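One letter stands for each residue in the lines below.
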Amino acid sequence: MNRVIPGYPLSLGITLFYLCLIVLLPLGALVWQALDVGWERYLAILSGARTASAFRVTLTTAALATLFNAVYGLALAWVLVRYEFPGRRFIDALVDVPFALPTAVAGLALSALFVKNGWFGAPLAALGISVAYTPLGIAAAMAFTSIPFVVRTVQPVLEDLATDVEEAAATLGASDWRIFARIIFPAIFPAFLTGASLAFARSLGEFGAIIFIAGNLPLKTEVVSLLTFIRIEEYDYPAAAAIASTLLGLAFAMLFLVNMIQLWQQRRIGTGD
Amino acid sequence: MSPPSHPAPSHGPARRIRVGDGPLTRALLIGSVLAVTALVLVVPLIAIFAEALRHGWGAYLASFAAPDTQYAMLLTLCVALIVVPINIGFGIASAWCIAKFRFRGRNLLVALVELPFSISPIIAGVAYLFVYGAQGLLGPWLQAHDIKIMFAVPGIVLASLFVTAPFVARELIPLMIAQGSEEEEAAVTLGAGGWRILRLVTLPNVRFALLYGAALCNARVMGEFGAVSVVSGNIRGQTNTLPLQIELLYQDNNAIAAFAVATVLTAVALVTLVVKAIIERLDAARVKAQGRPGH
Numbered sequence: 001m002n003r004v005i006p007g008y009p010l011s012l013g014i015t016l017f018y019l020c021l022i023v024l025l026p027l028g029a030l031v032w033q034a035l036d037v038g039w040e041r042y043l044a045i046l047s048g049a050r051t052a053s054a055f056r057v058t059l060t061t062a063a064l065a066t067l068f069n070a071v072y073g074l075a076l077a078w079v080l081v082r083y084e085f086p087g088r089r090f091i092d093a094l095v096d097v098p099f100a101l102p103t104a105v106a107g108l109a110l111s112a113l114f115v116k117n118g119w120f121g122a123p124l125a126a127l128g129i130s131v132a133y134t135p136l137g138i139a140a141a142m143a144f145t146s147i148p149f150v151v152r153t154v155q156p157v158l159e160d161l162a163t164d165v166e167e168a169a170a171t172l173g174a175s176d177w178r179i180f181a182r183i184i185f186p187a188i189f190p191a192f193l194t195g196a197s198l199a200f201a202r203s204l205g206e207f208g209a210i211i212f213i214a215g216n217l218p219l220k221t222e223v224v225s226l227l228t229f230i231r232i233e234e235y236d237y238p239a240a241a242a243i244a245s246t247l248l249g250l251a252f253a254m255l256f257l258v259n260m261i262q263l264w265q266q267r268r269i270g271t272g273d
Numbered sequence: 001m002s003p004p005s006h007p008a009p010s011h012g013p014a015r016r017i018r019v020g021d022g023p024l025t026r027a028l029l030i031g032s033v034l035a036v037t038a039l040v041l042v043v044p045l046i047a048i049f050a051e052a053l054r055h056g057w058g059a060y061l062a063s064f065a066a067p068d069t070q071y072a073m074l075l076t077l078c079v080a081l082i083v084v085p086i087n088i089g090f091g092i093a094s095a096w097c098i099a100k101f102r103f104r105g106r107n108l109l110v111a112l113v114e115l116p117f118s119i120s121p122i123i124a125g126v127a128y129l130f131v132y133g134a135q136g137l138l139g140p141w142l143q144a145h146d147i148k149i150m151f152a153v154p155g156i157v158l159a160s161l162f163v164t165a166p167f168v169a170r171e172l173i174p175l176m177i178a179q180g181s182e183e184e185e186a187a188v189t190l191g192a193g194g195w196r197i198l199r200l201v202t203l204p205n206v207r208f209a210l211l212y213g214a215a216l217c218n219a220r221v222m223g224e225f226g227a228v229s230v231v232s233g234n235i236r237g238q239t240n241t242l243p244l245q246i247e248l249l250y251q252d253n254n255a256i257a258a259f260a261v262a263t264v265l266t267a268v269a270l271v272t273l274v275v276k277a278i279i280e281r282l283d284a285a286r287v288k289a290q291g292r293p294g295h
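If you read the sequences in order, they're chains A and B.
Numbered according to the UniProt record's numbering, the first sequence spans residues 1 to 273.
Numbered according to the UniProt record's numbering, the second sequence spans residues 1 to 295.
Please keep in mind that the hints were generated in silico from the structure rather than gathered at the bench.
In this text the structure is predicted, and so the values were computed from the model without any measurement.
Glycine included, every Cβ here is placed at the ideal spot set by N, Cα and C.
Check each hint, because a few of them may be wrong.
Restraint-style ranges between C-beta atoms, simulated for each label pair [said to hold, decoys possible]:
id : chain 1 : residue 1 : chain 2 : residue 2 : range
1  : B       : P174      : A       : A122      : 41 to 47 Å
2  : A       : F85       : B       : L270      : 43 to 49 Å
3  : A       : T163      : B       : R196      : 44 to 50 Å
Output of the computed footprint for chain B on chain A, the stretches with three or more beta carbons under 8 Å from beta carbons of chain B [what the hints assert, rightly or not]:
id : region
4  : 27–37
5  : 50–64
6  : 68–79
7  : 146–154
Assemble the whole structure, with the sequences as input and the hints as a guide.
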């Protein structure tokens, strides 16, 4: 405890007051509204065909988007850390575009690209694949907005990775693929899993980028965040509270998972495993 | 792997022995990553400007003459001018108590500060509705006193405060922990008060991180869509921020205007990333010169 430096009560007081007012009060109100719905009605709302379908669509498209980012993000982090090539710094800066670009703008751009006569949509249509107004479009929007997560969690770990073990393995005649699978991938796995979980969590709650490209058809291309929004517009507050609190629960579960992964990672580093 | 007939130069054997440094693997990986990056990160940015300029500069510039669009720009600017300074203040206060002191529940406090990052903006909007809306926790009291927060500008400000609360704090906390407190302690010994230390010692030490956090916070406030669309009520010329205006124009089949407005927000995002790149370069130069970050 540092008692020399002043300002402890004031800074802690401001922080707690602000967090209570801006973060905890609204989240508390949401939980309060959800509890008010009652258990039976809550289950009835969630098991309704439209809600169940929205959760199914959201979970599957988020999984698809996360799969894309797991592969692309890992490859991108690898290329940025391991190789020197012209434009490397530019690509590194580009990775943050999805975080800085408003989701509505991303959705607008993606829908323009993927419509039937768009730059991506036209060649895809020739192959018989339609993305806009299908679940694939939802996955594309989710994938775009969560690109930075895997890259930015794997990148620092890959940078700090000592190369002596892989050099030793290479000297002993292990193949590249074997060294990657047995030595490098296990070392970056916790960070990789953290990034993928964060990307998945972000995709579950994504709204702005999706609604431009999804078509938003109930039972087909309607995601959970949109259904919550629709219930609010219909003044169906119990349904909105039930769906939003479930989404909040999922967010907390993902947060818990990420923390567990990080504890596991710290313990591994701590014991030198 | 390089063939044994080409022995590695003695000054850098590690570079030839590392996994993936074979010329074929390297070319294949860089090539495919660059191709995908061009498709997923570069082409969307180009598409925004190409669509906005589809009918030339005249049509592009005319999009900004619409009074609703001009009002949306003004409103977005005002919201950012309120939200960014408040969250800079919160970022400094939370970083000060978390970085300079040890206390019970400190890790929980860090998790709480970062919590808004993990919560969907739609949930944030709905949660605010349940506090300040007509059916909300404080709804009856607010109505009795004729105070309007939901579907009005205060609601937009509150929702934006929630969504962007962690941005400055997240940049400051790890940096201030890494820098330690020796300089502040020295200043106390020399008789400086808390505000003086903050102004003359701590803030100059973290000014780049603070600037970057504020730039990110600003970009997010100006671009926030989900949370604001729940609490704003989408009233044209009253509670429509720029991202909501984009959606409205798009639904009106006014694609040129929607993309024209989008170019403004894209420019804000790109400037933010340029600020980040400059700060990182300055930081790297300083670490080289002084051997410590963020100074």
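Right, here's what the structure says about each hint:
1. B:P174 / A:A122: 41 to 47 Å: At roughly 46 Å between Cβ atoms, A:A122 and B:P174 fall inside 41 to 47 Å, so the hint holds.
2. A:F85 / B:L270: 43 to 49 Å: Hint violated: Cβ distance 23 Å, outside 43 to 49 Å.
3. A:T163 / B:R196: 44 to 50 Å: holds, 47 Å
4. 27–37: holds (count 5)
5. 50–64: violated (count 0)
6. 68–79: holds (count 5)
7. 146–154: violated (count 1)
In summary, the numbered hints that this structure violates are 2, 5 and 7.
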